[in-house]
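With the sequences and hints as input, model every part of the structure.
Residue numbers (my numbering), protein chains in the order written: chain A, 498 to 712; chain B, 2 to 406.
There may be inaccurate statements among the hints.
Said to hold, decoys possible - Partial list, computed: chain A residues near chain B (C-beta under 10 Å):
| no. | residue |
| --- | --- |
| 1 | R558 |
| 2 | W561 |
| 3 | Y569 |
| 4 | R599 |
| 5 | I609 |
| 6 | D650 |
| 7 | E662 |
| 8 | G678 |
| 9 | A681 |
| 10 | L684 |
| 11 | R688 |
What the hints assert, rightly or not - According to the in silico footprint, chain A covers these stretches of chain B (three or more CB under 8 Å from chain A):
| no. | stretch |
| --- | --- |
| 12 | 107-115 |
| 13 | 169-179 |
| 14 | 256-264 |
| 15 | 310-322 |
| 16 | 379-388 |
The hints are simulated quantities; they were obtained by calculation from the structure and are not laboratory data. Even glycine gets a Cβ: it sits at the ideal position worked out from N, Cα and C.
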Amino acid sequence: MASGFALRLADAGQCAVAMDAEPRVLGAMGTELAPVARRHERALIRAAQRGSEEALEELFRRHWRAAHRAAYLVVHDGAAAEDIAQEAFIAAVRVLDRFDRRRPFGPWLHRIVVNRSIDWSRARKARREVSGEAAELTEASAEVDLAGLADSDRVVVALLSLGPEQRAVVVLRYLLEYTPGEIADLLEIPRGTVNSRLRRGLDALARELPEEGAA
Amino acid sequence: MRRRDDEQVRAALRDIPAPGESQAEERGWAVVREAFTEREAIRPPRGVRARAGLAALVAGLVAVVALTPAGAEVREWIADAIEVGEEDARPVLGSLPARGSVLVESNDGAWVLNADGSRRNLGDYSHVTWSPNGLYVGAAEGRELFALTPQGDVRWSLTAPATINSLDWSSDDGFRVAYVAGRELRVVAGDSTPLDEPSVAKRVGSSAIAWRPESLPAAARHELAYVDAQDHRVVLENTDTRQVLWRSEPVPAPVESLQWSADGERLLIEADGFASLVDARGNGLFKGPVATGSAATLAADGRQIAVVRPNRAGKAELVLIPAGLAEVRERVLYPTSPGKGGAAFGTPTFSPDGEWILLPWPEADQWLFLRIADRRVVPVADISRQLDPNRRGSAAFPRVAGWCC
Numbered sequence: 498m499a500s501g502f503a504l505r506l507a508d509a510g511q512c513a514v515a516m517d518a519e520p521r522v523l524g525a526m527g528t529e530l531a532p533v534a535r536r537h538e539r540a541l542i543r544a545a546q547r548g549s550e551e552a553l554e555e556l557f558r559r560h561w562r563a564a565h566r567a568a569y570l571v572v573h574d575g576a577a578a579e580d581i582a583q584e585a586f587i588a589a590v591r592v593l594d595r596f597d598r599r600r601p602f603g604p605w606l607h608r609i610v611v612n613r614s615i616d617w618s619r620a621r622k623a624r625r626e627v628s629g630e631a632a633e634l635t636e637a638s639a640e641v642d643l644a645g646l647a648d649s650d651r652v653v654v655a656l657l658s659l660g661p662e663q664r665a666v667v668v669l670r671y672l673l674e675y676t677p678g679e680i681a682d683l684l685e686i687p688r689g690t691v692n693s694r695l696r697r698g699l700d701a702l703a704r705e706l707p708e709e710g711a712a
Numbered sequence: 002m003r004r005r006d007d008e009q010v011r012a013a014l015r016d017i018p019a020p021g022e023s024q025a026e027e028r029g030w031a032v033v034r035e036a037f038t039e040r041e042a043i044r045p046p047r048g049v050r051a052r053a054g055l056a057a058l059v060a061g062l063v064a065v066v067a068l069t070p071a072g073a074e075v076r077e078w079i080a081d082a083i084e085v086g087e088e089d090a091r092p093v094l095g096s097l098p099a100r101g102s103v104l105v106e107s108n109d110g111a112w113v114l115n116a117d118g119s120r121r122n123l124g125d126y127s128h129v130t131w132s133p134n135g136l137y138v139g140a141a142e143g144r145e146l147f148a149l150t151p152q153g154d155v156r157w158s159l160t161a162p163a164t165i166n167s168l169d170w171s172s173d174d175g176f177r178v179a180y181v182a183g184r185e186l187r188v189v190a191g192d193s194t195p196l197d198e199p200s201v202a203k204r205v206g207s208s209a210i211a212w213r214p215e216s217l218p219a220a221a222r223h224e225l226a227y228v229d230a231q232d233h234r235v236v237l238e239n240t241d242t243r244q245v246l247w248r249s250e251p252v253p254a255p256v257e258s259l260q261w262s263a264d265g266e267r268l269l270i271e272a273d274g275f276a277s278l279v280d281a282r283g284n285g286l287f288k289g290p291v292a293t294g295s296a297a298t299l300a301a302d303g304r305q306i307a308v309v310r311p312n313r314a315g316k317a318e319l320v321l322i323p324a325g326l327a328e329v330r331e332r333v334l335y336p337t338s339p340g341k342g343g344a345a346f347g348t349p350t351f352s353p354d355g356e357w358i359l360l361p362w363p364e365a366d367q368w369l370f371l372r373i374a375d376r377r378v379v380p381v382a383d384i385s386r387q388l389d390p391n392r393r394g395s396a397a398f399p400r401v402a403g404w405c406c
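Put into structure tokens, the structure is as follows:
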């Protein structure tokens, strides 16, 4: 499944490196940026800083889909995910002149996306509590007949059973391919907290995945 | 087993598209491109233009001598080295690192920035100040004096005889507001009710005024420190009885600010060129030269002073100085380095819990939140734009007016 997705991205010209590379310095959707690609990304940032719309568009195309998907998997609201991804890129444009080119762009962007997604999810929960509406998404999702869903849908529903902070950690680890230490830095939480959230999240998700060897 | 789960989860997540991905991407690019086009249209501001010019010059020189890959790395290093400000600054001013709300004046008017990251524009006001418990904001607009809620609703207003240059809300029971209109000091009740005419109306030598805090509101004394216009002494006066409690030695330079500790036991007198600390009876505790253009802020506990001053290399640094204690041991809280640029910071502001300092850095267009205990730095970028989203103003950097409660 992973290689298929990588192929689709690569076909679209949006992914410079295969997804199953060792994750260290990460670009879009968990891809490691090889030294050449990293230099290329720095060159893109510099060109964008100098006013090149083409360079900015290449940066955008490289990183949009990962940012959008990450936001969606945390907030599970299509419109909100789109807004969050847009806001993150606009924030990038605003600070473009001061962006430190020695740093990879992806983690910087993902930090914004994930933190905003968590904030949005918390705010939604707070609104519901204040307005007294009972239709909490996670509660509704608990009543979904999981047996009738495709694997990916079951994973989405299982994700919704987690809190936004847990979802964020799972997304950062398994979609964006950050290490627990990097996640701790991104979210400014202790590494032990990252590990415990990952463990609980993985347990919840694993229950919804088909057994190995099952049809 | 766990590894298999890892791989399955990884594969499953990668297979989940967001709704309408392709269309969303195109919409996203349209919005981002528009933001980029706008940025290009208004770019470059003065400081950035200078840096860009320098960058172009440096890059041009290097390009002449080095067109190899190694040369390219050198060019990159040089270009990177002239960045000003903290790296990895947060692009968005979100939640504050400590409780309370920050009051700011920007080109777009006054703002209240709350701990949860929400913010509210109060309108076109200046000289804003918190009421003692942060329930109201005192503000001025020309000759008009206003009491606002933190949501921007006007609770009352009055017209002063001249342009208002400063105001201060009594920091004990909140029942008095002092303001300087033109060169004249006046006091009204905290609900705008006129006091006996005039409660205080005297010429002052500086717009710096400060109510003495009282930890027990029931024992509020309504004692105000101000600078006498005739002899340039700092005076502490009970504005209800008009009794002068003490007068300082003449201050040889214009007084820029007067700041009380939270318990009302210490007063920092900041003047052009020096700062002095006196106790509640006006006795001197500490006095020292401070370089022109420096800024000093007294911590709420009155035991430390945060001073921005130039170091030997001419760079600004933030130093914590024990205030009037026998053991004078300075602690550099935030030094600047050549790579960061930085010749000047704004006035530091303590958080309500005293654990953080907000340090404005206009040159970098950043705010630095500094945790005193471990010198942790949380930089936030693009402050001017974030507090002037409609781009109404010039290049003036937002002024922090207080971090309350």
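Exercise. Just pull the numbers of the violated hints for me, sorted ascending.
Key: Violated: hints 7, 8, 9, 10, 11, 12, 13, 14, 15.
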